[in-house]
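**Student:** The lines below spell out each chain.
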Amino acid sequence: MFSGKVFGALAGAAVLALSAGSAVAQPKDKIKVGFIYVGPVGDHGWSYQHDVGRQAIEKAFPGKVTTTFVESVPEADSERAIEQLARTGHDLIFTTSFGFMEPTLKVAKKYPNIKFEHATGFKRNPNLSTYAAKFHEGRYIIGQIAGKMTKSNTIGYVGAFPIPEVIAGINAFYLGAQSVNPSVKIKIVFANTWYDPAKEGDAAKALLDQGVDMLAQHTDSPAPIQAAEARGKFGFGQASDMERFAPKAQLTAIVDNWSDYYVARAKAILDGTWKSEDVWGGLASNMVVMSPYKNMPDDVKKLAQETEAAIRSGQLNPFKCPIMGQDGKEIECKGQGALSDEQVLGMNFYVKGIEDKIPQ
Amino acid sequence: MRFELTPRTNSPTVMRVFASVAAFLTAFLIAGFVIWLMGRSPIAAFDVYVLQPLSDPWSLQELLVKATPMALIAIGLSYCFRANLWNIGAEGQYVVGAVLGGWLALRTHGTDAGLWVLPLMLLLGIIGGALWGMIPAFLKTRFGVNEILTSLMLVYVAQLILDYLVRGPWRDPKGFNFPQSVTFDPSATLHPILEGGRVHYGAVFAAIAVLVTAIVLGRTLFGYRLKLTGDAPRAARFAGFSSKATTLAVFAISGGLAGLAGISEVSGQIGQLQPSISPGYGFTAITVAFLGRLNPIGILVASLVVALTFIGGESAQIMLKLPLDLTQAFQGILLLCVLAADAMVSYRIRFVTRGGGK
Numbered sequence: 572m573f574s575g576k577v578f579g580a581l582a583g584a585a586v587l588a589l590s591a592g593s594a595v596a597q598p599k600d601k602i603k604v605g606f607i608y609v610g611p612v613g614d615h616g617w618s619y620q621h622d623v624g625r626q627a628i629e630k631a632f633p634g635k636v637t638t639t640f641v642e643s644v645p646e647a648d649s650e651r652a653i654e655q656l657a658r659t660g661h662d663l664i665f666t667t668s669f670g671f672m673e674p675t676l677k678v679a680k681k682y683p684n685i686k687f688e689h690a691t692g693f694k695r696n697p698n699l700s701t702y703a704a705k706f707h708e709g710r711y712i713i714g715q716i717a718g719k720m721t722k723s724n725t726i727g728y729v730g731a732f733p734i735p736e737v738i739a740g741i742n743a744f745y746l747g748a749q750s751v752n753p754s755v756k757i758k759i760v761f762a763n764t765w766y767d768p769a770k771e772g773d774a775a776k777a778l779l780d781q782g783v784d785m786l787a788q789h790t791d792s793p794a795p796i797q798a799a800e801a802r803g804k805f806g807f808g809q810a811s812d813m814e815r816f817a818p819k820a821q822l823t824a825i826v827d828n829w830s831d832y833y834v835a836r837a838k839a840i841l842d843g844t845w846k847s848e849d850v851w852g853g854l855a856s857n858m859v860v861m862s863p864y865k866n867m868p869d870d871v872k873k874l875a876q877e878t879e880a881a882i883r884s885g886q887l888n889p890f891k892c893p894i895m896g897q898d899g900k901e902i903e904c905k906g907q908g909a910l911s912d913e914q915v916l917g918m919n920f921y922v923k924g925i926e927d928k929i930p931q
Numbered sequence: 057m058r059f060e061l062t063p064r065t066n067s068p069t070v071m072r073v074f075a076s077v078a079a080f081l082t083a084f085l086i087a088g089f090v091i092w093l094m095g096r097s098p099i100a101a102f103d104v105y106v107l108q109p110l111s112d113p114w115s116l117q118e119l120l121v122k123a124t125p126m127a128l129i130a131i132g133l134s135y136c137f138r139a140n141l142w143n144i145g146a147e148g149q150y151v152v153g154a155v156l157g158g159w160l161a162l163r164t165h166g167t168d169a170g171l172w173v174l175p176l177m178l179l180l181g182i183i184g185g186a187l188w189g190m191i192p193a194f195l196k197t198r199f200g201v202n203e204i205l206t207s208l209m210l211v212y213v214a215q216l217i218l219d220y221l222v223r224g225p226w227r228d229p230k231g232f233n234f235p236q237s238v239t240f241d242p243s244a245t246l247h248p249i250l251e252g253g254r255v256h257y258g259a260v261f262a263a264i265a266v267l268v269t270a271i272v273l274g275r276t277l278f279g280y281r282l283k284l285t286g287d288a289p290r291a292a293r294f295a296g297f298s299s300k301a302t303t304l305a306v307f308a309i310s311g312g313l314a315g316l317a318g319i320s321e322v323s324g325q326i327g328q329l330q331p332s333i334s335p336g337y338g339f340t341a342i343t344v345a346f347l348g349r350l351n352p353i354g355i356l357v358a359s360l361v362v363a364l365t366f367i368g369g370e371s372a373q374i375m376l377k378l379p380l381d382l383t384q385a386f387q388g389i390l391l392l393c394v395l396a397a398d399a400m401v402s403y404r405i406r407f408v409t410r411g412g413g414k
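These protein sequence lines are chains A and B, in that order. Residue 572 is where the first sequence starts when you use the working numbering, and the numbers rise one by one after that. Residue 57 is where the second sequence starts when you use the working numbering, and the numbers rise one by one after that.
Honestly, I wouldn't trust all of these hints.
Claimed, not checked - Partial list, computed: chain B residues near chain A (C-beta under 10 Å):
hint, residue
1, Trp-114
2, Glu-118
3, Trp-172
4, Arg-223
5, Gln-330
6, Glu-370
7, Lys-377
8, Pro-379
It should be emphasised that the hints constitute simulated quantities derived from the structure, not laboratory data. Cβ coordinates follow ideal geometry from the N, Cα and C atoms, glycine included.
Only chain A is shown next, with the shape it has when bound in the complex:
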């Protein structure tokens, strides 16, 4: 489920540009939209938010669109489930985890008249789009909040796997914290799972035992923020608004808002205007949404809102150059005043100040 948008030419035979739009599409009166989830819809995180998007489609086009989902589909055995959707009359199929990339591509090639959308991958086809969100924008904001509010000057981070998306999230978070508190320290634990409340909770407790008083998470269950709540510390919701699990601890949550995108794509099928694209949305396009800022002093809240507005307007890029690597050397700046998209999408280094090593 990690994201990897990659622009431009990529290795791998499968990458075709968006220009290659497939045969002329016809408007349709009634369509079926299918979803493949990697977790249970009840994870209250990643898959849950995709399901919220699915329900938004049903609401937006009553009577015109019916939706279906298959949940907890193992990545190593997903081709059949995807093909089942293709065979049962679905016009548009969303596969919502990185690990579905190759199977989605295979099925897409086999069913050229059906449209596919793969979340967080980088292989496209005339009938296969990719989409992902710039979650690191939200992570910069929560980093600033944590940097301002920490009393122990040590903040904790529960990551899923040391993959580029998570690494970029950690860096954005730490850069945000550093921007308001240059001496802040970060402790990172990888849970090696996207969804396992017990493991995630243990990782969070281990961090809290080491004296962190702010806890960020890049795993999908509410377990880490619940651990923060139980200890009277603070945390940030992941993927969905987790306030109901941690009313006192949640400062804000980075919410994945797929609804707008899903509704737009379903509409494109209805209108016959769907094209293969590569979408990487952030705060500006509402794909990333911050839930209300709570449980914090007014000045911190104001700072967070200002930062959010600055990122939204494009004034501020969390990865604006110069960015220093751990060794203090400047990272080559390949974008316009900031790291290039490719650099962010393939990030495998920590920034200066993080006293940890990326597990290899």
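Put chain B on the given structure of chain A with help from the hints.
**Tutor:** Using the frame of chain A, we list chain B on its own:
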């Protein structure tokens, strides 16, 4: 009052077959009742779960694809379980087989290595699985360590080794730091039996394993030795059978077949190494082995039945919007019913009123 189980001296084959059928019917009835409680039609569910997948060529093919690794692993496990040895770590042996075989695929990637690559990969898969399986066997025979614990723990070791390799040294250099290897060359790919189909030669290996095992268990001294070691270890010792040699042999066979399943799945289905290469086949195969009552033909049938519940479960989600949990509950109900029926055939149930005693 309490129940007491006393072994039946003889239980005819007819009764055993009847018990199996009764177990399936009972499981369907219970599941149907649950579906009815959920306000859905049990008949429609039966249609989607069972009848449709069995009447459509595409799903029949998918059935074979899904059953292949489970059958291969379960056949191997039946050797262990017959000898009363508990190999719980087939999942790990599957992974090591895939890793060792996959190593050759990556090593020859981009070269014009010829036809020898694939057979050697499969062989390495078998060797990898067998060696990994022999670790718990060795620890048991040499130090008396419980094989249930060691074989299970080695699953996690194997998974973490794979995880390390695909994140580190074996990562696709052009894969933007994502944890996966390059995709295998055609010379390292186990091809589908029919062009354009999805059933690969792993299915043939499974069929061969079933046949060979039926002969070995039924007609050879080795098969007899396993049965004797399992049923009457003392008698086996008196007969001069070495329990150590038996332990090592069955773990090697079991691990080897799991390794073959692993490399077949990776080279025939997935096409590359990635952190997760199995949705738990090694564990599901334990269920399959017992559903099939450790009999090769029974295991073949059981692997198809379990595959059917997976495929039917996906159809039920798509067509009837029935949750996945129901599929998992059904698998559990089925296993319980089969085991209960088995117990009732093998044992007489008596009610004992509390009497004097210890």
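**Student:** None of the hints should be skipped; say for each whether it holds.
**Tutor:** Here's how the hints hold up against the structure:
| no. | hint | verdict |
| --- | --- | --- |
| 1 | Trp-114 | 7 Å, holds |
| 2 | Glu-118 | 5 Å, holds |
| 3 | Trp-172 | 25 Å, violated |
| 4 | Arg-223 | 6 Å, holds |
| 5 | Gln-330 | 7 Å, holds |
| 6 | Glu-370 | 5 Å, holds |
| 7 | Lys-377 | 7 Å, holds |
| 8 | Pro-379 | 8 Å, holds |
Checked against the numbered hints listed earlier, the structure breaks hint 3 alone; every other hint is satisfied.
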